[in-house]
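S.K.: Given the coordinates of chain A, assemble chain B onto it according to the supplied hints.
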Amino acid sequence: MKRYLGIFVFLTVMFGVTSHAVQIEFHQFESKEQEQLYLQLIAELRCVKCQNQNLAESNAELATDMRKKTYEMIKEGKSRSDVVSYMTARYGDFVLYKPPFKTKTLLLWVGPPIFLFLSLFLLVKLIRKQGHEKSEALTESQRESVRVALDTKQPNQEK
Amino acid sequence: MSKKYFVPLIGFGALVALLLFGLSNDPKLIPSPFIGQPAPEFKLPKMYKPNETISVSDMKGEVWVLNLWASWCVSCRAEHKVLSRLIAEKKVPTVGLNYKDYGTEDYGDDALQWLATLGNPYTAVAVDTKGMAGIDWGVVGVPETFVIDKKGIVRYKFTGPVYPDAVDDILIPLIDKLRAEAG
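Protein chains in written order, with the numbering used here: chain A, 1 to 159; chain B, 1001 to 1183.
Think of the hints as simulated: they come from the structure by calculation, not from any bench. Note that the structure is a prediction, hence the values are computed from the model and not measured. The reader is advised that the hints may include incorrect statements.
[To be verified] Within a straight-line C-alpha distance of at most 25 angstroms, the following computed DSS-like cross-link-like pairs (lysine-lysine) qualify:
1) B:Lys-1130 <-> B:Lys-1049
2) B:Lys-1043 <-> A:Lys-68
3) B:Lys-1028 <-> A:Lys-69
4) B:Lys-1130 <-> A:Lys-49
5) B:Lys-1003 <-> A:Lys-129
6) B:Lys-1090 <-> B:Lys-1157
7) A:Lys-75 <-> A:Lys-98
8) B:Lys-1090 <-> A:Lys-104
9) B:Lys-1046 <-> B:Lys-1091
Bound-form chain B, shown alone:
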């Protein structure tokens, strides 16, 4: 049999391989354009102290974590325990960005109750009622978690609820590595 009859078969095989590769990619994981860029600034009121503000520049000089969450977000509830463990274990300053939740017409102060019931692991909670800081950080859906280095550069983004293996395999080694870097 002539070799040329195998050409369509090889082509078909290549197409199958390409489509299989496509299947294994999650289209929801949009690569963040912020990795390696300075963290977008926000200056927002604190949840428990509305007269005080918290901003990104306040956090400079330390490795810190930004976690976008909301009381209406079901997977944030699932993530909460895992995230709290990371914060307690690494003593890493963590700002919770409360996205379109506290102070909105629909949810009022649900967020306060949420934190009272589940515990508040955050160093500070920034209130983003209008969701505009969220857009500045390129939010697609809460929860989202960012790791920012001492110089204020975004180094990592985790989309979706943080799970235990991600904490042990990705976040803890990353925080250790960033802490070892010069400030």
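Looking at chain A on its own, in the form it has when it is part of the complex:
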């Protein structure tokens, strides 16, 4: 029991600390739409310093600066595409968690569905083929031997 208590305390401390680690600044917005846009953007833009986090989750100094820049641009009345193009001009498409659809990213977007349909196609083909193999009719002598085998087994099964 004591051991479990220790694990419980350890986990509480671990997750209790990490879940409060990110510090978010408080911003005043003129409208609900601007606030929505801000929250949406910081969720969709990647922190380039700590690459597997978005701006909202990251506590890196660069992420703080990028959030600040996003906030300032929205406050100035800039649109969503203004902020996105500002960031991609400096950090490339890499800064977007949702990469744009263009020739360079074609495989990224089209690859998975193609792969899915290809594997579904192959799977269906394989199942069909197996079905045909099974439906081959038995010869009369094979039937006879099956009957004999079933008849001899029957007494054993009755218990």
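M.R.: Relative to the frame of chain A, chain B by itself:
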């Protein structure tokens, strides 16, 4: 044995090759969108002469280097000697962009001491206290080094501390090549 039994094996081999290729890529090296583009402008106060400014357009007409650094950055210290050698050897004008360091609450004038101790190889040091010029240049982490040609086009970006082999194999040949180009 039928050939079709080799299909999963070949597929597995292809997957391993793909993953190995992925391992050899460094995700921290983000390709800079500035290569081949005009250098982003900034106009910032000089470190030793706060009344004067230094801007990107001041440097036009020459092949020059922009080095982002800070006194709090440990690998900048490691890079400093290597970079100083490049600057001395090639006599290449170099602007040091002091990123979120000089004049900030946390670091005050640490940068002055840093340069006094290690030497100041820069033609000019631009002070970017707020780090906004840094963002304009797409900073991910200092140090970062850019090479800009005579026309003011960014030609190369080196992410991380410059090491001796990079100076000899990449930067010096590049500077020679760019100097030979028409201005």
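S.K.: Does Lys-129 of chain A lie within 25 angstroms of Lys-1003 of chain B when you go C-alpha to C-alpha?
M.R.: holds (17 angstroms)
S.K.: Hinted pair, alpha-carbon criterion (25 angstroms max): Lys-1028 of chain B, Lys-69 of chain A. Please report holds or violated.
M.R.: holds (22 angstroms)
S.K.: Assess, step by step, whether the Cα of Lys-1043 of chain B is no farther than 25 angstroms from the Cα of Lys-68 of chain A, and give holds or violated.
M.R.: holds (20 angstroms)
S.K.: CA of Lys-1130 of chain B to CA of Lys-1049 of chain B, is that 25 angstroms or under?
M.R.: Measuring from Cα to Cα gives roughly 18 angstroms; hence the hint holds.
S.K.: Decide if the proposed pair is consistent with the structure: Lys-1090 of chain B and Lys-104 of chain A, CA atoms, cutoff 25 angstroms inclusive.
M.R.: Since the Cα atoms of Lys-1090 of chain B and Lys-104 of chain A sit roughly 38 angstroms apart, the hinted pair is violated (cutoff 25 angstroms).
S.K.: Within a Cα-Cα threshold of 25 angstroms, do Lys-75 of chain A and Lys-98 of chain A meet the stated pairing?
M.R.: Distance of about 24 angstroms is within 25 angstroms: holds.
S.K.: Decide if the proposed pair is consistent with the structure: Lys-1090 of chain B and Lys-1157 of chain B, CA atoms, cutoff 25 angstroms inclusive.
M.R.: holds (18 angstroms)
S.K.: Do the alpha carbons of Lys-1130 of chain B and Lys-49 of chain A lie within 25 angstroms of each other, as the hint requires?
M.R.: Holds, at about 17 angstroms.
S.K.: Holds or violated: are the alpha carbons of Lys-1046 of chain B and Lys-1091 of chain B at most 25 angstroms from each other?
M.R.: holds (20 angstroms)
When the structure is compared with the earlier hints, a violation turns up for hint 8 alone.
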